[in-house]
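Same order as they appear, the protein sequences are chains A and B.
Sequential numbering of the first sequence, starting at 5, is according to our numbering.
Sequential numbering of the second sequence, starting at 2, is according to our numbering.
Derived from the structure by calculation, the hints contain no laboratory data.
Don't be surprised by glycine CBs; every beta carbon is placed ideally from N, CA and C.
Derived DSSO-like pairs (lysine-lysine); straight-line CA-CA distance at most 30 Å:
(1) B:LYS259 x A:LYS37
(2) A:LYS11 x B:LYS259
(3) A:LYS229 x A:LYS101
(4) A:LYS155 x B:LYS112
(5) B:LYS259 x A:LYS238
(6) B:LYS259 x A:LYS42
(7) A:LYS180 x A:LYS155
(8) A:LYS101 x B:LYS259
(9) B:LYS259 x A:LYS94
(10) B:LYS259 x A:LYS110
(11) A:LYS209 x A:LYS198
(12) B:LYS226 x B:LYS58
(13) A:LYS229 x A:LYS110
(14) A:LYS42 x A:LYS110
(15) A:LYS22 x B:LYS259
(16) A:LYS151 x A:LYS198
(17) B:LYS259 x A:LYS180
Chain A regions said to be covered by chain B (calculated; three or more residues, Cβ under 8 Å):
(18) 66-79
(19) 93-103
(20) 112-119
(21) 123-137
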Amino acid sequence: MALIEVKYLSKYYQVHQKEPGLTGSIRSLFHRKYYDVKAVDGVSFTIDEGELVGFIGPNGAGKTTTLKTLSGLLYPTGGEVSVLGYIPWKRQPEFQKQFALVMGQKNQLWWDLPAIESFILNKEIYEVPKEKYETTLNELAELLDVKDLLKVQVRKLSLGERMKMELIAALIHSPKVLFLDEPTIGLDVVAQKKMRDFIKVYNQKYRSTIILTSHYMDDVKELCKRVIIIDHGKVLFDGLLEDIVRKYADHKNITVILDRELDRRQIEHLETLGGVREFIYPKLILQVPRENSNRVASKLLQSYPVADLNIEESEIEDIIREVFTGKDMA
Amino acid sequence: MRKYLTVFTVSWQNGFVYRLNFLLWRLRSVIVIITVYYFWDAVFRNGGVIFGYTRDKILTYVFLTLILRSLILGQRSMDAAGEISDGRLSNYLLKPLNYHFYWFTRDLADKLLNMAFSVIEIILLYFILQPPVFLQTNIFILIYFLLTVILAVILNYLLGNASSYFSFWTPGNAWGFWFLYLVFQDFLGGVAFPLDIFPKAAYGLIMLLPFPYLLYYPANIYLGKISGADIFQGFIIMLFWIGIIIWLLRQEWRWGLKNYQAEGR
Ligand SMILES: Nc1ncnc2c1ncn2[C@@H]1O[C@H](COP(=O)(O)OP(=O)(O)OP(=O)(O)O)[C@@H](O)[C@H]1O
Ligand SMILES: [Mg+2]
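Model the full assembly from the supplied sequences, consistent with the hints where possible.
See the structure below:
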């Protein structure tokens, strides 16, 4: 059964154009020019129960806007959305009790009080029974390793600790559907890893359905079987991460550390060997078709001042970047 | 509803974090009462009647309105304007929680806390200043007075939020509407001076607006200065405005949410 269904969803923001300067300000008081920002433009997908889907795309792609619409914060400009059988922007309490939206840079906790007070308030707001609340809180605090911090004023917590508390506050009502918008932003590598592990466990243990956005490909690689790639408000790819890797992994990267600067002729000749991904002396990265990689490597060793040479599979980052830059998906 | 009870207690706890702020705030209100009191006392030093008020009458009015003011006009829900402007409103929209009740509860928590302190202050001030306060003894008037105070609390909340909700259309500028509302409170609500010093015709018109019912009307009910058909007329006008503004708020909320862009996050 599809838990989340999105059909031709679009959301245009109406923005008024202000000309620069004071005269521009005054003029725009009387005469406003409006234009539409097509943040989401005809997006469709369905997600089944228990899936953990990565929703990725460059800055301004429309990810947050989509999640806000799925959460009922925004009314769409067009299209249909159904989450758990509800229309989100009707904001019915029965629906609200079954999902949560967590945004990396945002806080819902009471800043001046210990986090536990916010949890208690949420328990009442979501009408969670006492025993259920206590077991959930215990489990979450255990998993996230913040048992000792529950009674510390939120303003005194570190960013990472606060993020964990935010997560607990959002999960205290055991939502079936979870929208995570950049939950790892600003965290250090260790904390990111912990957050990832938590998300994985949460998804498996509670069979919750999760949409995750992140700019860290490690998050996506480790957590998501399926990814939806979006840019300029349109879906570019929707499928298994391994498919996209296979499709694009017909290339390998050859990384070379040079002994000395190349001459003009050598530089020009590089183009015939493969695509230059990066060239900042002494490092050179070439992208070459898989079957040519050995031949190109030996050529490099013969006629270039090579100190070190490595052949690697394309990084997921590179693959995603290629999708973004519009290499055709056929 | 239990969730609003918890909002109430959390709100209090939050208030206690700023104990010093709170105490200074109370101190301020005491100083204001004493200053205003002595101001009018000095104006009437040589006796006489100004705008139909004798010294005793004006001092009673001043003392009473200053007390009622912290109960009726004290309001935190102006924060709602900020929450709408900067997108914090999203936090509430995600939850099964009624935003209007939420802020009303927080306002009530605030008022009751202030009230508790007011009572102590009033008793102290009463013995220090020995004002010629008129004690109403008619039980019916007292009951009706209580009712008008409750209605005034509601009316003020509604008017304040109606101002805040303009933030949906002019994020960041809602303070302007709030300011305007505060000016109306001061000059048409009876905060700065009793309204019957206005000429008769103007007074009649002003009494058709919602503002006099915030403070002036309940105060004068207590003082027994309004009687007979005027009591009834005032009651109807008050209910009328409460109805109108509830309707207006609903429209604002409904259309505002369509306009809301959940910005900033
Ligand atoms: N309230 C708003 N008013 C006008 N334009 C907006 C508003 N919110 C977002 N936009 C625009 O809509 C587009 C999509 O924004 P959105 O926040 O959904 O992107 P995103 O994919 O989440 O990006 P990021 O990775 O940077 O978070 C952007 O071009 C943005 O400038
Ligand atoms: Mg975003």
